[in-house]
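Enquirer: Chains A and B are the protein sequences, given in the same order.
My numbering applies: residue 1 is where the first sequence begins, and numbers increase by one.
My numbering applies: residue 1 is where the second sequence begins, and numbers increase by one.
Hints in this document: simulated from the structure, not taken from any laboratory.
One should not assume that every hint holds.
Now the stretches of chain A that chain B is said to cover, found in silico as 3 or more residues with beta-carbon under 8 Å [claimed, not checked]:
{"no.": "1", "stretch": "49–61"}
{"no.": "2", "stretch": "66–74"}
{"no.": "3", "stretch": "111–125"}
{"no.": "4", "stretch": "135–144"}
Straight-line distance between alpha carbons at most 27 Å, and here's what the computed DSS-like set of lysine-lysine pairs gives [what the hints assert, rightly or not]:
{"no.": "5", "chain 1": "B", "residue 1": "80", "chain 2": "B", "residue 2": "124"}
{"no.": "6", "chain 1": "A", "residue 1": "44", "chain 2": "B", "residue 2": "58"}
{"no.": "7", "chain 1": "A", "residue 1": "44", "chain 2": "B", "residue 2": "113"}
{"no.": "8", "chain 1": "B", "residue 1": "58", "chain 2": "B", "residue 2": "166"}
Yeah, the Cβ is synthetic: ideal placement off N, Cα and C, and Gly gets one too.
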Amino acid sequence: MNTDQTSWSRVAVNIASVLARWLLGAVFLYMGLSKALDPVDFLKLLRQYDLTQSSLLLNSLAATLPWFEVFCGLLLLLGVAVRGTALTLMAMLVPFTGLVLHRALLLQAALAIPFCAVKFDCGCGNGTEFICRKLSENLLLFALSAALLAGRGHQFSLRFSLIKPPASKPAVN
Amino acid sequence: MAVLGAAFAFAANQVSPLGLAPTRDYFPAGTASPARPAVAGTNSGAVTPAQFLAEQMKEKGLQLLEDGKAAQLFRDPRFKQDIIVFIDARDEEHYQQGHIPGAYEFDPYRPEKYFDTVLPLCQKAEQIVVYCNGGDCDDSESAAILLRDVGIPNQKLFVFGGGITKWTTDNLPVETGARNSGNLRKPNP
């Protein structure tokens with residue numbers, strides 16, 4: 001009985017993990033493509049963050065970031081290098097969420113409105129959104145990435161780890 | 001992973017027909033628009049948004065069209081003869097959704113697509129009115145600077161700061177679809 005319950009819960013966790021990987025992949029694929037198909041609009045939005053005065057750097061960022069997200073999304077959907085991709089996404093989500101939060105705080109101060117009433121297009125690929133919703137979404141994406149980094153979602157993967165761990169040596173008498 | 005991703009991203013941008021050119025200056029009008037000043041009347045030292053805009057234009061060596069002048073130029077018979085030219089500096093999608101009737105499309109982020117049509121016109125025209133959405137939009141400034149950089153005399157160029165927003169607020173006619181499509185959105189009675 002207990003063994004049955006354990007195996008069922010394991011199956012449920014595995015299914016949920018794969019769905020999480022596909023969801024995360026689809027979200028990044030969608031967000032990346034929506035920006036890649038209108039790079040000028042993304043460039044204008046990125047410029048509003050005042051990240052750099054160098055047009056070369058700003059253009060390069062606007063040109064490559066959307067396609068980088070598409071790349072990560074595809075890897076997750078296919079199940080290739082999942083842990084490395086998850087780690088990369090986490091490394092991207094932290095500074096971007098920080099930038100969005102900073103901008104939202106500036107807008108809140110300028111408009112003198114409650115924080116959650118701040119609404120703007122952060123250039124994330126979803127158009128204009130309320131800041132509290134955006135932050136919740138990013139938190140969820142971060143949690144899903146963390147779960148994948150922990151080794152979840154390896155079912156239906158083409159190549160879960162890009163670099164195979166070395167096989168353990170057979171015991172020698 | 002990151003290196004592979006970056007290589008993929010650079011390659012995809014190169015291949016994409018919509019790709020950005022890393023070395024190009026897409027914002028010749030300068031840095032992002034700063035926050036608008038306080039509304040006049042709240043304190044004696046405040047400047048009006050119009051004064052602020054005029055000051056910004058002056059810094060960039062551009063001329064701001066006076067209030068009400070856009071409509072006046074639109075009704076001028078020289079407009080029909082392309083002696084006065086209106087340039088819409090928004091992207092194609094916004095242009096199709098509604099533009100000043102007879103205005104030419106000129107997206108400053110894809111200028112190469114429009115130079116063949118717009119440049120000869122601007123060379124012949126006596127007055128060129130460039131506009132975008134109005135408000136914080138500075139695409140009209142970018143377009144005017146681009147035209148100036150390719151040899152259109154500065155004294156011909158005027159930026160209509162209020163843009164299409166002011167135009168529609170003033171209940172003036174708007175054309176949808178292509179230039180001279182005849183699809184006019186009539187002003188409200």
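Enquirer: Of the hints stated earlier, which fail here?
Expert: The structure conflicts with hints 3 and 4, although it agrees with all the remaining ones.
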